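Chemist: So the chains spell out like this:
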Amino acid sequence: MLRTINLKKLYTTEEVETTALNNVNLEVHEGEFVAIMGPSGCGKSTLLNILGLLDNPSGGEYHFLNHEVSKHTERQRANLRKSNIGFVFQSFNLIDELTVFENVELPLLYLGYSGSDRKQRVEEVLEQMEIAHRRNHFPQQLSGGQQQRVAVARAIIAKPKLILADEPTGNLDSAHGDEVMKMLTELNEDGTTIIMVTHAQMYAEYAHRIVYLFDGHIVSENILKTAAGVAAS
Amino acid sequence: MLPNYFKTAVRNLLRQKTYTAINIAGLAIGMSAFLIILMLVHDELSYDRFHENTDRLYRITFDAQLPDRELRTARSSGPVAPTLRAELPEIEAATHFRSRNGKPTGNVTVRYENTLFTESRVFFTDSSFFNVFSIDVLEGDPKTFLTQPNTVIITDDIARKYFGAKSALGKMLEIDGDPPYTVAGVVKGFPPQSHWQFDMLASIVGMDIPDKDNWINNTWYTYVLLKAGASPEHAESTFQTVVNRNIRPVVEQILGIDWREGEARGLHYRYRFQPITDVHLHSQLDEEILPGGNAVTVYSLILIAVFVLAIACINYMNLNTARSARRAKEVGVRKALGSDKSQLVILFIGEAVLLTAIAAVMSFGIIELLLPVINNLTLKSLSLSVFINPWAIAGLVIFTVSVGIFAGSYPAFILSAFQPVKVLKGELGSGMRNSRLRNFLVVTQFAVTIALIIGTMVVYNQLQFIRTSNLGFDQEQLLVVDNTWLLGRNSESFKETLLHQPGITGAAYTQILPGRDIDSGVYRREGDESSQLIRMRQLWSDYDFLPLMDIRLKEGRYFSSDYATDINNAVIINESAANILGYEQPIGRRLVGFFGNEQRTMSIVGITEDVHYEPLHEVIYPKVMMISRSTPMHMVVRIEGNINAIINTIETHWNEFSGGQPFSWFFLDDRLDQYYRTDRAFGKLIGIFTGIGIFISCIGLLGLSTYSTEQRTKEIGIRKVLGASVPGIVGLLSKEFLKLVVIANIIAWPVAYVAMNKWLEGFAYRIDPGIRFFVTAGIIAILIALISVSYQAINAALANPGKSLKYE
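Protein sequences, first through last, are from chains A and B.
For the first sequence, the working numbering assigns the number 350 to the initial residue and increments by one for each residue that follows.
For the second sequence, the working numbering assigns the number 1310 to the initial residue and increments by one for each residue that follows.
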């Protein structure tokens, strides 16, 4: 599904150059569930942003769905991103001015779905996430768990091959956190590849594999289980 | 996608009601100001465009450089129109008209049955008039109009005034005691956007007008319609050869110069073809029928309109970049979900267009409220109905969308450039903090505001200067009784009677009142046949006029009936005339004056101080004062005490001595005031729009300082923790804005200086736009900036630092 070769990311300010990622080599296969762990500032989010095509690396190669994308323009990245990748954020990042329905609908708008297709698809997903009864509410009217369920609904609405989750449970209590992890696991079981950044060991253990980052390097990998039908490398 | 954008936009606007209200108010006020000025300018630019063949219509003006003077007049001589018709193949039609007394205004008295009216817009012409001007005929057969002697064509307003609902055709009107004129037609008068107006056109057919065939006296207004495709330049030069042939011998004789030699010295004597559409704004000639508009005013207004609109748009830009932090997350999410930059640009510009559309609708309400004030000020009758036509509506839509796009463009590009990675983490681009473009916008906004403040102050001071200027005579408490020639031989008894009434301290007759009553003639020093003729303004009055007006003598004496020769052979001149005549001892010297066919030799008995007999726009002309041998047009009465009682007394005696002729009167200072009316209107207009500009700028600065303090919350917190004082922090936050205002001053000053000098050039007597205006405007701008900024700065400085640090 994706592979990085000697991936590098530097942040340069006027005087200081900071290396956020240094020679990261990572391969993720279709259907895998990978957790990325590491202390604050180790480069987890930077890696996730590059994998999610939100940012370009400073060096190295990034192959996504058999495309070398490290030199893609913003527009090219946006095109690949909108049909293949879904995002779940720690702070949910729902648009406050849009209702639940409209937030979930948004990716389909950017993909150019017709109105009736959108309605049908959004209703399905809202049902699936058990949030349909809140479809006309605004984000501020929901609890944190409900907001994250909407965010997950939005992430999967376009049936992406890859879901990137950045601390999806970070702002939730443990009950809601478990709920979100259950949803992600179910999605993975249905064939969606998931890469999740987390601080919490107990949630990382839902994954097939845990990748440990430290100071921009991958320091170790821990294979917990094998995804159904996927050969561990 | 669009409905989604629309929904987000509307909800965003509703969620931040104060911001939205400020935004819409700023745009609506700015757009109203712009549209009102647009209406004013449109009105000024639409003069004389109602004629069918406007583009082929020309007025013939006269322009001469003679040895002693320059002549530039709106009038031409009697033979011009017939000669143009006869000798120039490119002329399709030519006509001319004049007033009865040969003055620029057509003052006459009209009697219908037993009622007398005073009319001021009565002109004498013939049927050729209707070949040149486009006139809507309401009654009568246009083919016969003014082909017969003693016929008159009147406007529908006059028809209503004289005959009410009855048909006017065939009615008889007596004009200035001539044999009665038959009303042969009723036409629509010209619309207000015409450089001249008439109420009646009387037939010249069969009339004996002395200067009909005289090439030298320019007392006619001549207009021509060129054939399609004809070149006015070519017509003008062809006509010049005709003029040379006819005028050369006469001019050589009168001026005593050789034509060729004169030409070599730069003299000329020309008739020009002036496009009729240039008359209102671009013609500053003598003897215009009505005062024209002022192109400088129109251009200044256009500039002000653009300025005010620019301020409003900049305002929007500043307020919206200020709000951008709140929109950053939305941008990040939309980008992460696959929106590209152009889609976001469309979203934000769309929002601006939506807001502008709301503002546009509101601006019509504001315009409706402001129009009565503006109309009152400018004496126009502007109305929103000019927008009720497809072109105007299309124009308004384009205008609204353009303003929206312009105002929305900068915030749109700023917002859409946010990096999703950063904004989703809660960071704003560091490029946001010191945007050169935004500083540039604030500087522009303030430069414009400062220039407007300077303009307002200069205009106000110039008008104040005019109001308080010593004209050189006493204009207070002077009442003018008009049309005193109607008194005939009773004039002296009338005057005597008035002088015995309580409250009347003096009375005198004059032909020419201060202002734009112009009469001039040519003079020569006696015994100096070869010397050049000198054109001087003439003032005819009775013996008492100069002392009554308190026009003081420098030398010699006033006129006096004790000297039998004063009535025919004495003149008093002003200082300017004394200078131009060049006598070392003018008193007792003699002048030769030319009056039609008569030459008179007159002794100089007195020299007056130079007084501003003409409006202060004009220089003081050389002037010759003489005793009028007939009863002049006006009586000037100096009064004190109960004005109404005195006017009643005068009217009673007027009725007694005039035999019931119409009594009309006015105050002299009211009349003088009228010459400055357009200047005052301009002063008030620029004042209004400056106020609007300042108001919008303040809103903008308030928004921007909100933004700036929002950006620096953390810095302020840290500084406070480290011991910074509240005034220190307010100073820190205000400093950067003050810097911008100072730069704005440096830009605004030279621009305003040049512009105001240009405007002041319209006055022969004017103030010096000294440094004090500029410094004052600068200080006002700095104070405005300080007040707008310090509100936010103080709030930020007083805030609990712990809170702001946690927020970060």
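If you are wondering where the hints come from, they were derived from the structure by calculation, not from laboratory data.
Please note: incorrect hints may appear among the correct ones.
Restraint ranges, calculated between C-beta atoms of paired labels, are given here [said to hold, decoys possible]:
id : chain 1 : residue 1 : chain 2 : residue 2 : range
1  : B       : L1705     : A       : T422      : 36 to 42 Å
2  : A       : E472      : B       : L2047     : 40 to 46 Å
3  : A       : G461      : B       : V1706     : 51 to 57 Å
4  : A       : E554      : B       : L2107     : 45 to 51 Å
5  : B       : P1312     : A       : Q490      : 18 to 24 Å
Here the structure is a predicted model, which is why all the values come from computation and not from measurement.
Glycine included, every Cβ here is placed at the ideal spot set by N, Cα and C.
Chemist: I want to verify a distance hint. Is the separation of the beta carbons of A:E554 and B:L2107 within 45 to 51 Å?
Modeler: holds, 50 Å
Chemist: Lying within 18 to 24 Å: is that true of the beta-carbon distance B:P1312 to A:Q490?
Modeler: holds, 22 Å
Chemist: Per the hint of 40 to 46 Å, is the separation of the Cβ atoms of A:E472 and B:L2047 within bounds?
Modeler: violated, 58 Å
Chemist: Does the Cβ distance between A:G461 and B:V1706 fall inside 51 to 57 Å?
Modeler: Violated: the Cβ-Cβ distance is about 29 Å, outside 51 to 57 Å.
Chemist: Holds or violated: 36 to 42 Å for the Cβ distance of B:L1705 and A:T422?
Modeler: Holds - the Cβ-Cβ distance for B:L1705 and A:T422, about 40 Å, lies within 36 to 42 Å.
In terms of the numbered hints stated before, the structure departs from hints 2 and 3, listed from lowest to highest.
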